[in-house]
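*Asks:* Since each chain comes alone in its own frame, lean on the hints to assemble the complex.
Here is what each chain is made of, one letter per residue.
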Amino acid sequence: MSLDRSDIEKIAHLARMAVDEDRIEGYATDLSNILGLVAQMDDVETDDVTPMAHPLHMAQRLRVDEVTEVDRREAFQAIAPKVESDLYLVPKVIE
Amino acid sequence: MQWETVIGLEVHTQLATKSKIFSGASTAYGAAPNTQACNVDLAFPGVLPVLNREAVNCALKFGVAVGAEIGRRSVFARKNYFYPDLPKGYQISQFELPIVGKGELTVELENGESKVIGITRAHLEEDAGKSLHEDFHGLSGIDLNRAGTPLLEIVSEPDMRSIKEAVAYARKIHQLVVYLGICDGNMQEGSFRVDANLSIRPYGQEAFGTRTELKNINSFRFLERALNYELERQIDVVEGGGRIVQETRLYDADRDETRSMRSKEEANDYRYFPDPDLLPVEIDESLLEQIRDEMPELPGAKLQRFIQEYALGEKEAKALTASRPLADYYEAVVKAGGETKAAANWVTMELGGALNKAGLNLSDSPVSPVQMGGLLVRIADKTISGKIAKQVFEAIWNGEGDADMVIEAKGLKQITDTGAIEPVIDEIIANNPKQVEQFRAGKEKLLGFFVGQVMKATRGKANPEQVNELLLKKLKG
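So the sequence lines, in the order shown, correspond to chains A and B. Numbering of the first sequence is given in this note's numbering, commencing with residue 9 and proceeding in unit increments. Numbering of the second sequence is given in this note's numbering, commencing with residue 2 and proceeding in unit increments.
The shape of chain B in the complex, shown without the other chains (with noise of 0.2 Å):
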């Protein structure tokens, strides 16, 4: 049997906002724990949630840049559920009128085709805090910290019908939030989280299987890995005869597996209602107007204008748009004067090859924008060689300073001047006779030895076009 996946996904998103969504608590990562954690979050009684303006801002963003209906009039309601890092007993959600309802997104495959897929809502809601089950004397710990933390939970149409269209969909979403600058993509602090409904149907048939929720997913490899598990798992199941139970599994990473989460059969019963300690929210005209002028150059946008604008090839393009933080410094780097396409070749290969290396991020890089820039102007106006340039390149990474301070520290400068360049010439020729009667006998390609020792002599500071230009002379004439 043939069996068709079928998979729809689910993203909560943490929201950059500097407080809570609904209390006044910072939302910093990382504070020690219960640092951060008010009354509100606290659920004190007597307390009232007040909806902080910037996560609905987010909210608009994301919803005006997937082309989706906007929930003029929205609702927030509670999730009523019992568990100790929610202290209300119940999540602040949105369930009837999300603010945020029908778009869609265009994912690109790896076999160069697109595929549109359907999001079914986005909605505001509060992250809960975190449980540390260690050992507390059979205990368990709670920090609030991340209690109330705003999250942006996008739900998608089950729309994906493979493995590789969820990854695709789910780093699509990824760039567009972190481009859109409503969440830090943080995929190791939490601030972006996946979970998958994955389900199989025989290839034609148009019901849909029954699905089963992978929960615990938090980077593009796990998810890949998770599904791949799940799916496996699902055909297995069906195969023997079995039959899928609809639930949530965790992934566990290090065994690569997917588990049951022991749940009673009512867990589902949220019992939603509109929370009536919030008043609807109200989007007018004017504030989408004010969202849709501020909106950020989207990837799509941004990858055509670096084609026509830098004269890119779609590959170098695609490489460079892939993140906000890499395309603003490639810019950066233009803007102080590096040429396009060697500002292409520098920062995807040389500048990404070091990070790489270092493990670094680019937003830790050592070497500026400004200082690549002036890096590359020296090699455009001869003053270096495109091979000096890479000691050049690794002098200002270990902080020795800009090009021009290394170059001239260095005593790296191409030297140009045939006078200096002639005796250091005429010195090889002397001293390799042999070398000179082969070439003279027609071994031509021997020239590349003589360009080599020259180099070599000189410490490759000499221009090598000159030296070929002279050489040629010197031994043919």
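One chain only, chain A, in its complex shape (with noise of 0.2 Å):
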């Protein structure tokens, strides 16, 4: 499978990325050569192998429902770009 200029602008489109114009070709081959590597797989008969969803054979260890974190807002809104009235502020998103 190979990648061309608009699968590039779209990609990085949905992830807010901004690419020269003159490193798509670039980056369109890299990708494509990373597809290539993967597709590798499809020669391989892997019909009855259940996709694992992580690295690791373990189960997810789960928590007792209790609260405790404290409100250490202060301490985080010292670092945000923009405060006010409590609230992080960001650009407007809705027209």
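One or more hints might be untrue.
[As the list claims (entries may be wrong)] Derived lysine-lysine pairs resembling BS3-like cross-links, with alpha carbons at most 30 Å apart: (1) Lys100(A) to Lys131(B); (2) Lys89(B) to Lys100(A); (3) Lys342(B) to Lys90(A); (4) Lys18(A) to Lys89(B); (5) Lys131(B) to Lys18(A); (6) Lys90(A) to Lys462(B); (7) Lys18(A) to Lys80(B); (8) Lys391(B) to Lys18(A).
[Stated by the list, open to error] So these bits of chain A aren't anywhere near chain B, every CB distance computed over 12 Å: (9) Leu43; (10) Asp51; (11) Asp55; (12) Pro59.
Read the hints as simulated data drawn from the structure, not as lab findings. Just so it is clear, CB atoms sit at the ideal spot from N, CA and C, and this is done for glycine as well.
*Replies:* Written out as structure tokens, the structure reads:
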């Protein structure tokens, strides 16, 4: 499978990343090569193999339902770019 | 052209846990902004999610209640999108292997029939924070207290064929999750939110039409109105020669209309993949066994038991089992000595009416079930009449103590002593010679007039049966 310029532009947009125009071709080649590497798996019989959800063969440990965190708003907001009325301020996202 | 409506619902229920699904921050509603958002909720570098056991238990309870296949091994996945109320840039949800698989729910319809609605799946996920778009100098304010609150998203099959069915299904899910104690059901606070998928097709056509998704619905009334509006809109578009576009539309309750959310075409490209921070969740048989054992009595079973155990009619029993707190209240009244039928009446009519009038919830009732039971005991043993009982009820409501205290303090005890009633009757007979004459001449319905006079003179305290009896004896004799 090979990716073209528009695929790269779409991936970059989904990741909200700016990509230099003159590097798009290079990314297309690199990413296509990675996909090519994975595509080798197509030659292997995997019908009876359950896909792994995680590389560790363990089950999730569960936490007791208790409130263990205290209010640290002041510390968190001290390093936020912009705060008002106890809220984090961000660029407006709706019209 | 006759159009058939096809509806499927996605219900988001906030689970009634103390702490968040992946962190130890509190989920209590109404706290000051950002005081319940810890470093996990804020997506600080290096933090790791740890799954809340209670959230898993809540999901399993729901799964067992709808007879669903339980995902013995379920997997959390990242749903990737950018929005400021989602600090990680992805929502932890479940995709391929949800914790609750296919199940079903039987819904009773208005016409008395019932219909089985398929449940496709129910999965665990985290809620996002809240964006406030008020005036912050052109910026938006973000409160992340809600971020990480556990949600169970319950997805139905597109099995509903009318708006009424959709509303009945939503109500049934609401009743069930509240009964199970896994969700407080508070719609104003956003604990129970509904997204609806609606499409139309000509009757007889098998293929589904293109659907639109309606979001932002936080009451059953709005659900009905939003669906009505959207149904009309779709019919207008199609009959006008247009084509339905698959899109998400927001319901605006103020204008009673749905509006397209301007969404870019890749908006639904969530690129799900298993979250490497979380291992698969394994549910063993012993946990499931425990969940089944601890399952509370469900609405249908409770309804049948109320009909049998308390000799109630189906309508009364239905009203009383509509919510678990109401059913519990009723049973406590009966336990406190209330006769079952009288208790049903008083709880639904008198108490229900008074709560309604005062705009109170049952949990805020000033009259406790024990007080209500005590009142009913005094009606049953004829200490007070049904009419006086209303007066006593009002006094209990106003905090004047329980029934016996009120009866004593206000001297409301029914007069059953013939010696006390007879002089009153004699006086009334003496004062109304004309009516006595008419009565004796055959105008027997005047008995009511005399009873009324006696009750008035005794301020309602005379025993009506006794008054009747004595009056008849004296008037005829």
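*Asks:* Confirm or reject each hint.
*Replies:* Here is what the structure says about each hint:
For the given pair, Lys100(A) sits about 13 Å from Lys131(B) by alpha-carbon distance, which is consistent with the 30 Å threshold. The straight-line distance between the Cα atoms of Lys89(B) and Lys100(A) is roughly 18 Å, inside the 30 Å bound, and the hint therefore holds. Pair hint Lys342(B) plus Lys90(A) does not hold up; C-alpha atoms about 63 Å apart against a cutoff of 30 Å. Straight-line distance between C-alpha atoms of Lys18(A) and Lys89(B) comes to about 20 Å, which keeps the hinted pair within the 30 Å bound.
At most 30 Å may separate the alpha-carbon atoms for a hinted pair to count; Lys131(B) and Lys18(A) meet this at roughly 28 Å. Restraint check: the Cα-Cα separation between Lys90(A) and Lys462(B) comes to about 71 Å, which exceeds 30 Å; the hinted pair is violated. This hinted pair checks out: Lys18(A) and Lys80(B) have alpha carbons roughly 17 Å apart, not beyond 30 Å. Annotation: proposed proximity of Lys391(B) to Lys18(A) is violated, straight-line Cα distance about 71 Å (limit 30 Å).
In this structure Leu43(A) is separated from chain B by more than 12 Å, as the shortest Cβ-Cβ distance comes to about 15 Å. The non-interface label for Asp51(A) is consistent with chain B: the shortest C-beta to C-beta separation is roughly 23 Å, beyond 12 Å. Once the 12 Å rule is applied to beta carbons, Asp55(A) is consistent with being away from chain B; the minimum gap is 17 Å. A Cβ of chain B approaches the Cβ of Pro59(A) within 12 Å, the least distance being about 9 Å, so the stated non-interface status is violated.
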